[in-house]
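Since chain A is already given, all that's left is putting chain B with the ligands on it; use the hints.
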Amino acid sequence: MSKLREKVDLVTGDLESPPEEDLKGYVIFTQLKMGQPHLYAGYLDAADDDMALIFAREHYGQDQECVGIWAVPVEAVSGTDAAHPASHDIGGVEMYQVFIQARRGAGHVSAETVQARSPAEAIEDAQRIHTDPSKYYSLWVVPQHLIASTGPGDVIWRYSDQSYRLARGYSKEVREKWTKFRDEGSLNEYEKDDLKEAF
Amino acid sequence: MSGSANVGVHVDHESKEDPALLAEFQRKIDAGELIEVDDWMPAAYRKGMLMMAEHHANSEIVGALPEGEWITRAPSLRRKLALTAKVQDEVGHGQMLYRVSQDLGKSRDAMLRDLITGKTKYHNCFNYPAPQWADIAMIQWLIDGAAIMNQKTLADGAYGPYVRTMRRINMEEAFHFKSGEDMVLTLMSGTKRQRDMAQEAFDRWWGPSLMFFGPPDKPNARQLPPMRWRMKTVTNDDLRQRFVDRFIPAALDLGLKIHVVTKDEHGFVTSKKPDDKIALNKDTGHWEFTSPDWDEFFRVIRGNGPCNAKRLALRRLSYEQGRWVRQAILNGSGSLPPAA
Ligand SMILES: [Fe+2]
Ligand SMILES: [Fe+2]
Chain A
1 MSKLREKVDL VTGDLESPPE EDLKGYVIFT QLKMGQPHLY AGYLDAADDD MALIFAREHY
61 GQDQECVGIW AVPVEAVSGT DAAHPASHDI GGVEMYQVFI QARRGAGHVS AETVQARSPA
121 EAIEDAQRIH TDPSKYYSLW VVPQHLIAST GPGDVIWRYS DQSYRLARGY SKEVREKWTK
181 FRDEGSLNEY EKDDLKEAF
Chain B
1 MSGSANVGVH VDHESKEDPA LLAEFQRKID AGELIEVDDW MPAAYRKGML MMAEHHANSE
61 IVGALPEGEW ITRAPSLRRK LALTAKVQDE VGHGQMLYRV SQDLGKSRDA MLRDLITGKT
121 KYHNCFNYPA PQWADIAMIQ WLIDGAAIMN QKTLADGAYG PYVRTMRRIN MEEAFHFKSG
181 EDMVLTLMSG TKRQRDMAQE AFDRWWGPSL MFFGPPDKPN ARQLPPMRWR MKTVTNDDLR
241 QRFVDRFIPA ALDLGLKIHV VTKDEHGFVT SKKPDDKIAL NKDTGHWEFT SPDWDEFFRV
301 IRGNGPCNAK RLALRRLSYE QGRWVRQAIL NGSGSLPPAA
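These protein sequence lines are chains A and B, in that order.
Be aware that the first sequence starts at 1, since it is given in the numbering used here, and climbs by one per residue.
Be aware that the second sequence starts at 1, since it is given in the numbering used here, and climbs by one per residue.
In case anyone wonders, no lab produced these hints; they're calculated from the structure.
Please note that the accuracy of each hint is not assured.
Unchecked claim - In silico DMTMM-like links for lysine to aspartate or glutamate, alpha-carbon gap of 20 Å or less:
no., chain 1, residue 1, chain 2, residue 2
1, B, 152, B, 238
2, B, 80, A, 58
3, A, 24, B, 103
4, B, 263, B, 203
5, B, 152, A, 191
6, B, 106, A, 20
7, A, 180, B, 69
8, B, 119, A, 14
9, B, 28, A, 81
10, A, 192, B, 253
11, A, 3, A, 20
12, B, 263, B, 295
13, B, 119, A, 16
14, B, 80, A, 161
15, A, 7, B, 33
16, A, 7, B, 320
17, B, 16, B, 33
18, A, 180, B, 196
19, A, 7, B, 253
20, B, 310, A, 9
21, B, 310, A, 14
22, B, 310, A, 81
23, A, 192, B, 265
24, A, 3, B, 69
25, B, 106, A, 75
26, B, 106, A, 45
27, B, 80, A, 173
Said to hold, decoys possible - To give an idea of the interface, some chain B residues facing chain A are shown, with a C-beta separation under 7 Å as derived from the structure:
no., residue
28, 38
29, 80
30, 82
31, 92
32, 99
33, 108
34, 160
35, 178
36, 307
37, 309
Keep in mind the model is a prediction, meaning the values are calculated, not measured.
For each residue, glycine too, the CB sits at the ideal point set by N, CA and C.
Okay, chain A solo, but in the shape it has when bound (with noise of 0.2 Å):
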């Protein structure tokens, strides 16, 4: 620990800097493999489109096994939900992407891409390709030019050894030194409370 933060002044009252904005929000997505959907991952706030691209290869790109990642400006959301209230106003063509929201709670994936003047009319063209509503819950359009993303070749994933950061990077050898300790009937009740990971 550096002397500074170990000798802290133990300052109190207002702070000097003054308050600040809020950095942007961003919904990412991650692709788990080659040429399969994008799925929700999370949100995080950052600076600009590098600074949510840098940041969500931290946080959301290592949770599993992962080739790609969009990170999306939450204000370049429309879609069928309040949240996300759609323009009409009529602009030059764009292409847009769809994300679809099979349940009410679950996360958004991405679906075609659809061309349009307007996102109200982006999502009336997606509506037309979905026309059963009760396989999904919500829509989402978002202009295709506004979706920041890693490129094709980009390591995302880190393939070293990083059982040092999984629950079950540790389950053999502590079971090996409970077994000093406990038998094995008492071990397998005390385990039974262990929280199994999974994503």
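Structure of chain B with the ligands alone, referenced to chain A:
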């Protein structure tokens, strides 16, 4: 580590709400449906969930401070990698929980500032010192163990964004707990010096672990809004009992002794005696134990614990020092950091 988000959440339920909307809201909750961010919710619910998520987020990032101190002093490369990953996880939990809170209506900057200036709280147990490596082992075994127990039940709650965050966080908590257990087992199968170090750390952390679940419940806890609205699903006392039922026998089997201790103002143990209440009650099937010192709990919550001032001062230092970085990335034009 993680926050028990159930401490200090008092929901004002006097506010006047449309009875029809309120009834529909309660129906959804009773039917086990999840409430989503754009659903109607009582103002008191929004306020309570924000407080809970914000308190939890604060706890994640303050909890990383005592552990971060030990990264450079970890006893092996594998332990160093694990501790670095663990601290990174906790800060990540904080980032996700601040996001949940932001969607409920408070900016992240305002939350960080309120934390530093003491307007909001974080979990009490992070106001205690971690003077030895064995403290890191005990924190990961006991406190992360307690956090898992608590967060498993919070994942059965009703607020969708918080519930999904809990599920995700718990996967990482499983690693924190297992590696903590591995460290404790290593120490307790080691030399006398290692075992003594583990015992001393255990004496420091047993009390804060019992306090982790919050003070004893009011008799009508199940009827009050936090449980009626499934913001939490199990009472503090029930959670505490689950915790001791798992950890008392484990500690005893490992050869650890459970003490009732007194501490000085720095959080160090000044005297200890065996907790003679420790026994398995054959009739109830539950372990009995001496309750922690709740006066101490409230003293520490009010800001008078061993490390309150230091933790907040360190957060303040990071916030003030990081200002030029934030400005540089926001404006795209950086200037050099101020001379130290
Ligand atoms: Fe943790
Ligand atoms: Fe955590």
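We went through each hint and held it up to the structure:
Our distance criterion of 20 Å between C-alpha atoms is met by residue 152 (chain B) and residue 238 (chain B), whose separation comes to about 13 Å. Between the alpha carbons of residue 80 (chain B) and residue 58 (chain A) the distance comes to roughly 18 Å, so the proposed pair stays at or under 20 Å and holds. For the given pair, residue 24 (chain A) sits about 13 Å from residue 103 (chain B) by alpha-carbon distance, which is consistent with the 20 Å threshold. For the given pair, residue 263 (chain B) sits about 10 Å from residue 203 (chain B) by alpha-carbon distance, which is consistent with the 20 Å threshold.
Distance restraint check for residue 152 (chain B) and residue 191 (chain A): the Cα-Cα separation of roughly 16 Å lies within the 20 Å cut-off, and the hinted pair is therefore satisfied. With a CA separation close to 13 Å, the supplied pair residue 106 (chain B) and residue 20 (chain A) stays within the 20 Å bound. A threshold of 20 Å between alpha carbons decides the hint, and for residue 180 (chain A) with residue 69 (chain B) the separation of about 32 Å lies outside it, so the pair is violated. Restraint check for residue 119 (chain B) and residue 14 (chain A): the C-alpha separation of about 11 Å stays at or below 20 Å, so the hint holds.
The hinted pair formed by residue 28 (chain B) and residue 81 (chain A) meets the criterion: a straight-line CA distance of about 19 Å does not exceed 20 Å. Restraint check for residue 192 (chain A) and residue 253 (chain B): the C-alpha separation of about 17 Å stays at or below 20 Å, so the hint holds. About 29 Å separates the Cα atoms of residue 3 (chain A) and residue 20 (chain A), which puts this hinted pair outside 20 Å; it is violated. For the given pair, residue 263 (chain B) sits about 13 Å from residue 295 (chain B) by alpha-carbon distance, which is consistent with the 20 Å threshold.
The suggested pairing of residue 119 (chain B) with residue 16 (chain A) holds, with an alpha-carbon distance near 16 Å, which does not exceed 20 Å. Taken as a hint, the residue 80 (chain B) and residue 161 (chain A) pair is honoured in the structure, with Cα atoms around 14 Å apart against an allowance of 20 Å. Our distance criterion of 20 Å between C-alpha atoms is broken by residue 7 (chain A) and residue 33 (chain B), whose separation comes to about 50 Å. Among the hinted pairs, residue 7 (chain A) with residue 320 (chain B) is consistent with the structure: their alpha-carbon atoms are about 16 Å apart, no more than 20 Å.
About 23 Å separates the Cα atoms of residue 16 (chain B) and residue 33 (chain B), which puts this hinted pair outside 20 Å; it is violated. At roughly 18 Å between alpha-carbon atoms, residue 180 (chain A) and residue 196 (chain B) fall within 20 Å of each other, so this suggested pair holds. Taking the CA atoms of residue 7 (chain A) and residue 253 (chain B), the gap is near 40 Å; set against the 20 Å cutoff, the hint is violated. Between residue 310 (chain B) and residue 9 (chain A), the direct Cα distance comes to roughly 8 Å. Compliance with the 20 Å bound is thereby established for this hinted pair.
Pair hint residue 310 (chain B) plus residue 14 (chain A) holds up; C-alpha atoms about 16 Å apart against a cutoff of 20 Å. Between residue 310 (chain B) and residue 81 (chain A) the alpha-carbon distance is near 45 Å, which puts this suggested pair outside the 20 Å criterion. Distance hint between residue 192 (chain A) and residue 265 (chain B) is unfulfilled; the C-alpha atoms sit about 39 Å from each other, more than 20 Å. For the proposed pair residue 3 (chain A) and residue 69 (chain B), the alpha carbon gap of about 11 Å is at most 20 Å, so the pair holds.
Simply put, residue 106 (chain B) and residue 75 (chain A) have alpha-carbon atoms about 17 Å apart, close enough for the 20 Å limit, and the pair holds. Distance restraint check for residue 106 (chain B) and residue 45 (chain A): the Cα-Cα separation of roughly 14 Å lies within the 20 Å cut-off, and the hinted pair is therefore satisfied. In summary, the hint linking residue 80 (chain B) to residue 173 (chain A) is supported, as the alpha carbons are separated by about 18 Å, within the 20 Å threshold. Here the hint on residue 38 (chain B) is kept, as its CB sits about 4 Å from the closest CB of chain A, short of 7 Å.
Interface restraint check: residue 80 (chain B) against chain A, minimum CB-CB distance 9 Å, threshold 7 Å, status violated. Because the smallest distance between the Cβ of residue 82 (chain B) and any Cβ of chain A comes to about 5 Å, under 7 Å, the interface hint for this residue holds. With a cut of 7 Å, the hint placing residue 92 (chain B) at the interface with chain A holds, because the nearest CB-to-CB distance is about 5 Å. The interface hint given for residue 99 (chain B) is met, as the beta carbon of that residue sits about 5 Å from the closest beta carbon of chain A, less than 7 Å.
Contact between residue 108 (chain B) and chain A, as hinted, is supported at the beta carbon level, the nearest pair being about 5 Å apart and thus within 7 Å. Annotation: residue 160 (chain B) was flagged as interfacial toward chain A, and the flag holds, the nearest CB pair being 5 Å apart, inside 7 Å. The closest approach between the C-beta of residue 178 (chain B) and any C-beta of chain A is roughly 4 Å, which is under the 7 Å cut-off, so the hint is satisfied. Because the smallest distance between the Cβ of residue 307 (chain B) and any Cβ of chain A comes to about 11 Å, over 7 Å, the interface hint for this residue is violated.
The interface hint given for residue 309 (chain B) is met, as the beta carbon of that residue sits about 5 Å from the closest beta carbon of chain A, less than 7 Å.
Taken one by one, the earlier hints fail for this structure at numbers 7, 11, 15, 17, 19, 22, 23, 29, 36, listed in ascending order.
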